[in-house]
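> Single-letter residue listing:
There are 2 protein chains.
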Amino acid sequence: MTIKIGLFGLGTVGSGLLTLLAEQNNKIKASTGLDFTVKTALVSTLTKDRPGLDPAIQLTTDPNDILNDPEIDLVVEVAGGTGSAKGWIKSALSSKKPVITANKDLIATAGQELIELANKAQVPLLYEAAVAGGIPIITTLQNYYRTDTIRSLAGIVNGTTNYMLTQMAQNGLSYEKALKQAQELGFAEADPTNDVAGYDAAYKAIILARLVFGLESTLDELAITGIQEITDDDIAAVKVLGGQLKLLFTINQVGEDSIALSVSPQVILPDSPLSQVHNENNAIVVNSDNLGQTMYYGPGAGARPTAQAVLADILLAATATKESHQVFSSENMRLAEPNVQAYCWILNSKTHESIESAVHELDDELNGYIVRQGSHENSNNGSQLVLYTKEITTANHDRLLKELTQKRTLNKEFVIYPC
Amino acid sequence: MTIKIGLFGLGTVGSGLLTLLAEQNNKIKASTGLDFTVKTALVSTLTKDRPGLDPAIQLTTDPNDILNDPEIDLVVEVAGGTGSAKGWIKSALSSKKPVITANKDLIATAGQELIELANKAQVPLLYEAAVAGGIPIITTLQNYYRTDTIRSLAGIVNGTTNYMLTQMAQNGLSYEKALKQAQELGFAEADPTNDVAGYDAAYKAIILARLVFGLESTLDELAITGIQEITDDDIAAVKVLGGQLKLLFTINQVGEDSIALSVSPQVILPDSPLSQVHNENNAIVVNSDNLGQTMYYGPGAGARPTAQAVLADILLAATATKESHQVFSSENMRLAEPNVQAYCWILNSKTHESIESAVHELDDELNGYIVRQGSHENSNNGSQLVLYTKEITTANHDRLLKELTQKRTLNKEFVIYPC
Numbered sequence: 001m002t003i004k005i006g007l008f009g010l011g012t013v014g015s016g017l018l019t020l021l022a023e024q025n026n027k028i029k030a031s032t033g034l035d036f037t038v039k040t041a042l043v044s045t046l047t048k049d050r051p052g053l054d055p056a057i058q059l060t061t062d063p064n065d066i067l068n069d070p071e072i073d074l075v076v077e078v079a080g081g082t083g084s085a086k087g088w089i090k091s092a093l094s095s096k097k098p099v100i101t102a103n104k105d106l107i108a109t110a111g112q113e114l115i116e117l118a119n120k121a122q123v124p125l126l127y128e129a130a131v132a133g134g135i136p137i138i139t140t141l142q143n144y145y146r147t148d149t150i151r152s153l154a155g156i157v158n159g160t161t162n163y164m165l166t167q168m169a170q171n172g173l174s175y176e177k178a179l180k181q182a183q184e185l186g187f188a189e190a191d192p193t194n195d196v197a198g199y200d201a202a203y204k205a206i207i208l209a210r211l212v213f214g215l216e217s218t219l220d221e222l223a224i225t226g227i228q229e230i231t232d233d234d235i236a237a238v239k240v241l242g243g244q245l246k247l248l249f250t251i252n253q254v255g256e257d258s259i260a261l262s263v264s265p266q267v268i269l270p271d272s273p274l275s276q277v278h279n280e281n282n283a284i285v286v287n288s289d290n291l292g293q294t295m296y297y298g299p300g301a302g303a304r305p306t307a308q309a310v311l312a313d314i315l316l317a318a319t320a321t322k323e324s325h326q327v328f329s330s331e332n333m334r335l336a337e338p339n340v341q342a343y344c345w346i347l348n349s350k351t352h353e354s355i356e357s358a359v360h361e362l363d364d365e366l367n368g369y370i371v372r373q374g375s376h377e378n379s380n381n382g383s384q385l386v387l388y389t390k391e392i393t394t395a396n397h398d399r400l401l402k403e404l405t406q407k408r409t410l411n412k413e414f415v416i417y418p419c
Numbered sequence: 001m002t003i004k005i006g007l008f009g010l011g012t013v014g015s016g017l018l019t020l021l022a023e024q025n026n027k028i029k030a031s032t033g034l035d036f037t038v039k040t041a042l043v044s045t046l047t048k049d050r051p052g053l054d055p056a057i058q059l060t061t062d063p064n065d066i067l068n069d070p071e072i073d074l075v076v077e078v079a080g081g082t083g084s085a086k087g088w089i090k091s092a093l094s095s096k097k098p099v100i101t102a103n104k105d106l107i108a109t110a111g112q113e114l115i116e117l118a119n120k121a122q123v124p125l126l127y128e129a130a131v132a133g134g135i136p137i138i139t140t141l142q143n144y145y146r147t148d149t150i151r152s153l154a155g156i157v158n159g160t161t162n163y164m165l166t167q168m169a170q171n172g173l174s175y176e177k178a179l180k181q182a183q184e185l186g187f188a189e190a191d192p193t194n195d196v197a198g199y200d201a202a203y204k205a206i207i208l209a210r211l212v213f214g215l216e217s218t219l220d221e222l223a224i225t226g227i228q229e230i231t232d233d234d235i236a237a238v239k240v241l242g243g244q245l246k247l248l249f250t251i252n253q254v255g256e257d258s259i260a261l262s263v264s265p266q267v268i269l270p271d272s273p274l275s276q277v278h279n280e281n282n283a284i285v286v287n288s289d290n291l292g293q294t295m296y297y298g299p300g301a302g303a304r305p306t307a308q309a310v311l312a313d314i315l316l317a318a319t320a321t322k323e324s325h326q327v328f329s330s331e332n333m334r335l336a337e338p339n340v341q342a343y344c345w346i347l348n349s350k351t352h353e354s355i356e357s358a359v360h361e362l363d364d365e366l367n368g369y370i371v372r373q374g375s376h377e378n379s380n381n382g383s384q385l386v387l388y389t390k391e392i393t394t395a396n397h398d399r400l401l402k403e404l405t406q407k408r409t410l411n412k413e414f415v416i417y418p419c
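Taken in sequence, the protein lines are chains A and B.
Just so it is clear: in the first sequence, position 171 is 171 by full-length UniProt numbering, and no numbers are missing.
Just so it is clear: in the second sequence, position 312 is 312 by full-length UniProt numbering, and no numbers are missing.
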């Protein structure tokens with residue numbers, strides 16, 4: 001049986017999909033009896049030279065050539081953006097065509113509307129490629145965890161920033177140099193804001209929080225910190241006790257109907273399963289009642305892993321029943337503050353003497369709150385004191401901080417990371 | 001719609017399944033409309049006291065009360081063993097009842113026969129719980145990787161030995177003490193041979209190699225080394241360069257139609273994603289064309305994770321189509337030797353002087369083969385020299401070893417691990 005695909009977008013991922021289809025089609029045919037072929041592809045311009053493109057694929061600039069073609073069984077959207085793409089997907093779902101999309105921004109911002117439409121039409125809307133394409137996290141959450149109860153998720157889902165932070169920590173690169181290298185390798189775009197400011201990771205977290213907890217949230221509701229303010233000294237300081245800075249998303253159930261969701265640089269300690277997630281790799285940790293801690297690790301960037309996620313979804317859509325979005329909790333959740341959190345405090349001092357006196361001044365206030373500490377010479381011949389707190393409430397943390405920053409020696413020389 | 005289950009075995013996993021069903025049934029009912037209930041359970045004795053057991057569950061010692069009951073929709077086998085269980089499963093499949101089993105030994109030794117029977121009967125035979133129950137590796141391989149080409153798998157799939165090796169390395173426990181502790185925690189059985197000799201890990205590797213490469217293999221065809229010979233000094237020595245000893249299975253495609261499969265203690269270096277897999281946890285690394293390296297991590301022991309794998313399979317069987325075993329390559333593979341391998345050599349010497357001279361004697365032969373080295377004082381006031389080789393062929397390794405062991409200073413004081 002031949003399955004004809006209408007493809008919106010023939011950029012990096014779209015072209016990658018054609019490569020993978022050519023490589024895998026015989027095997028897929030042998031094991032499933034299905035023969036996948038791209039009939040029509042929407043492109044922005046017909047005049048561009050596309051060496052190696054199968055001439056049997058019809059190129060068009062008119063979306064209706066896909067949407068109104070009754071021969072097309074299935075629609076793949078890898079054009080991106082939240083404008084036209086939304087209309088194409090709605091139109092395809094309305095005409096009962098299954099849709100596979102890699103469009104993270106669209107699923108994050110309009111996913112609920114599209115999922116409802118898909119469920120109403122009883123056709124699959126699959127988006128594995130939208131979150132950590134190299135990791136089958138969406139399918140695994142939908143299938144394996146529907147008999148379990150998830151309490152929290154956390155992880156590294158932005159390959160660009162993880163690459164930069166790894167290069168800064170392991171090879172001593174400056175922020176600028178690390179960014180330039182990421183751009184040269186194709187991990188970062190010319191305008192890197194989406195990645196370095198944490199928006200890309202936040203979109204992925206929004207998608208996961210909806211899938212697992214039924215939480216609807218928007219970018220401006222969330223606490224998002226990027227990696228732009230991280231200094232070389234911060235990176236050196238957290239190394240003192242074996243830690244690393246990583247841009248992490250965290251989604252925690254903090255009450256019967258409350259979810260805390262954040263994106264920020266956090267300290268990963270050496271005994272964390274996330275401590276070996278380097279460079280452009282991604283990983284997601286899931287905590288659940290039946291399994292405890294599980295982790296899924298894979299590549300976080302690249303056309304091939306993303307195209308693989310799209311292709312796996314294509315096969316799933318063609319072989320699966322009408323199964324679509326799965327919300328785990330029986331009622332939808334609301335957004336909440338985290339309840340308790342451990343922190344890594346970095347105290348910078350110009351001389352070794354003042355850091356020593358700071359330690360002494362701190363002793364009384366911090367008694368009982370600090371679980372590990374170390375000190376370290378920073379790049380300006382000054383000292384850094386690194387303190388790890390217990391898990392404390394935000395209120396308690398604010399109170400301690402207020403007391404501490406009133407002391408002269410600590411003024412303006414205080415860096416804080418959750419950990 | 002009510003789905004009635006016939007349960008073979010009411011031990012740890014069977015009881016765990018009843019607990020999970022009680023906890024999750026409302027949620028499953030809400031999201032799928034399916035109401036799962038255990039109608040009949042086969043037990044070895046009816047007189048045993050079973051506090052808390054739902055009185056609605058019929059207990060029996062006659063398997064025909066399950067197999068011949070037309071009301072039973074689905075059979076779960078968690079009794080274990082390769083004797084009676086095989087007959088029950090064959091009988092259930094023949095009467096078109098889907099079967100879910102946690103029986104690793106049976107699937108490893110008779111899986112192909114049972115899978116063929118299931119495919120012929122067009123009913124699912126699912127066995128997620130048989131390999132690393134806390135990790136959805138079977139389902140993920142069957143679904144996500146059928147559009148990819150896997151080249152190798154490796155990992156830690158025996159929680160008992162990983163717990164023991166972690167305790168020996170991190171807390172300085174002796175082998176005997178670590179084993180005793182594992183037994184007290186319920187990770188190891190009274191007779192720990194299956195775990196410590198590597199047979200349990202080998203059975204799991206056999207199952208994975210069949211699933212991914214269509215390789216049929218038996219325990220006596222494989223190179224299996226357990227952890228019984230590992231000494232405290234070995235563990236201390238590999239620590240010199242940050243390494244750890246773990247019991248690993250490896251499955252490598254080494255030619256068009258050849259697969260190398262082994263189980264042995266190997267050195268895991270600090271930059272490996274497996275380096276943070278401690279205590280009873282498991283992890284499986286997959287290398288494939290589209291994704292590169294991916295890893296799946298989760299708990300490797302315990303009734304709850306195993307019962308979760310069984311329950312997830314139950315839901316899959318009840319909602320899925322007749323989909324069953326998926327072989328990835330178009331033709332079945334044969335067993336092969338590994339082609340190249342890196343090694344960690346530990347040279348023990350009674351005095352510091354002799355180890356130094358050994359290094360000098362080694363220089364000529366090893367020139368170009370050694371990539372890292374370090375030395376270390378062992379527990380008997382002697383010295384250990386630790387060398388890591390490049391990836392070399394078995395033949396080359398044998399030749400080098402032969403030359404080296406002819407030297408007086410190295411005689412009988414040589415420990416080798418793949419890494």
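Simulated from the structure, these hints should not be mistaken for lab results.
Do not take every clue at face value.
It does not matter which identical chain is meant; a pair holds if it fits inside one copy or across any two.
Stated by the list, open to error - Once the Cα atoms are required to be at most 25 Å apart in a straight line, the calculated SDA-like pairs of lysine to any residue come out as: (1) Lys-29 <-> Gly-255; (2) Lys-350 <-> Gly-255; (3) Lys-180 <-> Thr-47; (4) Lys-48 <-> Gln-167; (5) Lys-390 <-> Ala-121; (6) Lys-86 <-> Leu-117; (7) Lys-29 <-> Gln-112; (8) Lys-29 <-> Asp-73; (9) Lys-180 <-> Leu-53; (10) Lys-48 <-> Gln-58; (11) Lys-120 <-> Asp-35; (12) Lys-120 <-> Leu-269; (13) Lys-120 <-> Gln-167; (14) Lys-96 <-> Gly-52; (15) Lys-96 <-> Thr-319; (16) Lys-27 <-> Ser-264; (17) Lys-390 <-> Gln-170; (18) Lys-27 <-> Gln-122; (19) Lys-390 <-> Ile-416; (20) Lys-29 <-> Asp-289; (21) Lys-27 <-> Thr-139; (22) Lys-180 <-> Gly-255; (23) Lys-27 <-> Gln-112; (24) Lys-27 <-> Gln-293; (25) Lys-390 <-> Ser-272.
> Within a copy, between copies, both or neither: which one fits Lys-27 and Ser-264 at a CA-CA cutoff of 25 Å?
Neither way: Lys-27 and Ser-264 sit 42 Å apart in one copy and 33 Å across, limit 25 Å.
> Given identical chains, is Lys-96 near Thr-319, meaning Cα to Cα at most 25 Å, within a copy, between copies, both, or neither?
This pair counts as both: shortest intra-copy Cα distance 15 Å, inter-copy 21 Å.
> First find the shortest C-alpha distance between Lys-390 and Ser-272 inside one copy, then the shortest across copies, and answer within, between, both or neither for a cut-off of 25 Å.
Answer is within: at 16 Å inside a copy they meet the 25 Å cutoff, but 29 Å across does not.
> Using 25 Å as the alpha carbon limit, work out where Lys-180 and Thr-47 are close: within a copy, between copies, both or neither.
neither (32 Å within a copy, 73 Å between copies)
> Can you give me the call for Lys-120 and Leu-269, within, between, both or neither, at a CA distance of at most 25 Å?
For Lys-120 and Leu-269, the Cα distance exceeds 25 Å both inside one copy (46 Å) and across copies (51 Å).
> For Lys-27 and Gln-112, with the copy left unspecified, which applies at a CA distance of at most 25 Å: within, between, both, or neither?
between (35 Å within a copy, 20 Å between copies)
> Are the CA atoms of Lys-180 and Leu-53 at most 25 Å apart within a copy, between copies, both, or neither?
neither (31 Å within a copy, 63 Å between copies)
> Is the C-alpha distance from Lys-27 to Gln-122 at most 25 Å within one copy, between copies, in both cases, or in neither?
between (29 Å within a copy, 21 Å between copies)
> Are the CA atoms of Lys-29 and Asp-73 at most 25 Å apart within a copy, between copies, both, or neither?
The answer is within: 17 Å in one copy meets 25 Å, while 32 Å across copies does not.
> Reference check for the pair Lys-390 and Ala-121, CA-CA at most 25 Å: within, between, both, or neither?
neither (50 Å within a copy, 57 Å between copies)
> Can you give me the call for Lys-350 and Gly-255, within, between, both or neither, at a CA distance of at most 25 Å?
neither (44 Å within a copy, 61 Å between copies)
> Is it within, between, both, or neither for Lys-29 and Asp-289, if the alpha carbons may be no more than 25 Å apart?
between (39 Å within a copy, 18 Å between copies)
Checked against the numbered hints given earlier, this structure breaks hints 2, 3, 4, 5, 9, 12, 13, 14, 16 and 22; the rest are met.
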